[in-house]
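These protein sequence lines are chains V and E, in that order. Under my numbering, think of the first position of the first sequence as 62, with each following residue one higher. Under my numbering, think of the first position of the second sequence as 62, with each following residue one higher.
In short, the hints are calculated from the structure, not lab data. If you're wondering where the values come from, they're calculated on a predicted model, not measured in any experiment.
Dumping the calculated DSS-like pairs for lysine-lysine here, alpha-carbon to alpha-carbon at most 27 angstroms:
1. V:Lys-105 x E:Lys-151
2. E:Lys-120 x V:Lys-120
3. E:Lys-120 x E:Lys-105
4. V:Lys-151 x V:Lys-197
5. E:Lys-197 x E:Lys-151
6. V:Lys-197 x V:Lys-153
7. V:Lys-105 x V:Lys-120
8. V:Lys-151 x E:Lys-105
9. V:Lys-105 x E:Lys-153
10. V:Lys-153 x E:Lys-105
11. E:Lys-153 x E:Lys-197
Number of protein chains: 2
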Amino acid sequence: MRNLDETTITQAVLAYNRGTGDARLCEVMTSLVQHLHAFARDIKLTEAEWRGGIDFLAKVGAVPPDRHEFVLLSDVLGLSTLVLAQNERKPKGCTQATVFHVAPTPAVLVHDLGADINPQLGGPKGYVQGTVRDDKGAPVPYAEIHIRVAGDCALLQADDRGHYHFSTSLPGSQQVRHEGPVNQLLGALNRHAWRPAHLEFSISASGYQRLTTQVFREGDPYLDSDAIFGVRPSLITHWQCQPAGATPDGGHSNEVFYTLAFDFVLARQPAA
Amino acid sequence: MRNLDETTITQAVLAYNRGTGDARLCEVMTSLVQHLHAFARDIKLTEAEWRGGIDFLAKVGAVPPDRHEFVLLSDVLGLSTLVLAQNERKPKGCTQATVFHVAPTPAVLVHDLGADINPQLGGPKGYVQGTVRDDKGAPVPYAEIHIRVAGDCALLQADDRGHYHFSTSLPGSQQVRHEGPVNQLLGALNRHAWRPAHLEFSISASGYQRLTTQVFREGDPYLDSDAIFGVRPSLITHWQCQPAGATPDGGHSNEVFYTLAFDFVLARQPAA
Chain V
62 MRNLDETTIT
72 QAVLAYNRGT
82 GDARLCEVMT
92 SLVQHLHAFA
102 RDIKLTEAEW
112 RGGIDFLAKV
122 GAVPPDRHEF
132 VLLSDVLGLS
142 TLVLAQNERK
152 PKGCTQATVF
162 HVAPTPAVLV
172 HDLGADINPQ
182 LGGPKGYVQG
192 TVRDDKGAPV
202 PYAEIHIRVA
212 GDCALLQADD
222 RGHYHFSTSL
232 PGSQQVRHEG
242 PVNQLLGALN
252 RHAWRPAHLE
262 FSISASGYQR
272 LTTQVFREGD
282 PYLDSDAIFG
292 VRPSLITHWQ
302 CQPAGATPDG
312 GHSNEVFYTL
322 AFDFVLARQP
332 AA
Chain E
62 MRNLDETTIT
72 QAVLAYNRGT
82 GDARLCEVMT
92 SLVQHLHAFA
102 RDIKLTEAEW
112 RGGIDFLAKV
122 GAVPPDRHEF
132 VLLSDVLGLS
142 TLVLAQNERK
152 PKGCTQATVF
162 HVAPTPAVLV
172 HDLGADINPQ
182 LGGPKGYVQG
192 TVRDDKGAPV
202 PYAEIHIRVA
212 GDCALLQADD
222 RGHYHFSTSL
232 PGSQQVRHEG
242 PVNQLLGALN
252 RHAWRPAHLE
262 FSISASGYQR
272 LTTQVFREGD
282 PYLDSDAIFG
292 VRPSLITHWQ
302 CQPAGATPDG
312 GHSNEVFYTL
322 AFDFVLARQP
332 AA
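Excised from the complex, chain V in its bound form:
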């Protein structure tokens, strides 16, 4: 290990790492070192570029931890989608998961079924309803439904027949955070930071796998260029525009409003 150069360094590092008693850690670190070195070789990384990369990572690390800047970096590099896709083994017919963009977690407000989860927001309202069920069509009663839209986080519980309904300000396209080093990277790459309009759901029920997913709005201009690669065709939904008048919650709207019907199909926990 004295005469290291660009041709011998990789094997030297792998030899060091081989001493771990954890076979999986050894496998992970072996692949990591090989790919990291191959990257540096393939592009003949310069010292100035290496320094730039180190400084970039330090800036990402300096963002307050509750902003999860490394998660955002993983998202915009497509790593989050890759990891999710290669690990998702849901039975056919179940609702697809997608990357859950981790933003600062706001306080969770618990609502009754049918509530308006963000009454303080203006703009047209959307009325959402559906059933939480399994892949055989049987309802899943009393599922806990976390909903996030426009920075608010709400918690509902489905009823004994798995039915849920709520209203919300109609979601619009939105940008991932504007400040921060990842956004600067997007700028340098001439990439936009937009995400198509969506609602985020995290649904759990005893005996079922937690489902973390997003429901997108048909017609959004960013469906084909989501900054974090989260769109799936099965998750694009039609929000039906309704004329002013009686609303699904028994009220009345003087403006047009929207309705959406969407069922969540949960996968059972694998048998122990």
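Once you have looked at the hints, place chain E on chain V.
Chain E in isolation, oriented as in the chain V frame:
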């Protein structure tokens, strides 16, 4: 870009990144994404492991910036040595550079030639002398010589004939920092954190490339397992043990002491 899965995500990310006007950035990011995704695929990275990796990076980022924890991570993964080796294009005969382990920078003390740069430290003394010269043997006068040993940082200036001399506490083996996530990684890999005894030099003179290198001590038990892969055979030096008596600086030692002769050969700045 709607129907992304583990087979299509990589090309989708590359297509996004292709919009940058910076051809080199595009090349770097293309290779980075390809290798990052290949790593995740090769080992079939799980969601829990992905989360572990994100948490590790966040911990590295949370270390105060003056500790340069990402540099240390690059060092222990062999990336620093690889980048240095593939960019070093010094003429034959010049002193080799090696990774400069960036530790918190202490205040620099300016010394006269011949000074003891760390008189407060106990243990045997080492007397170091040599010449700063070019690859033709011509002396380089008045070079600035930064020296770091055992946490002290000293500055000397060579004389008009390129000669320098100083004394120091004889360096011993030392560990890279004990605290911090990189050290925890070394622990998980069953790797030690030791570096062989060395002096760190950074030498600059007008018209020459700055030389950043380390001079190691023959016989150190960690020469073959330096935690950061910094040893080069041409940088291993013989510290000659001398009997008690007259010292090179005209003083007297009641104990044995050591002497080291080492010349630094600088490379000229490339013509503009």
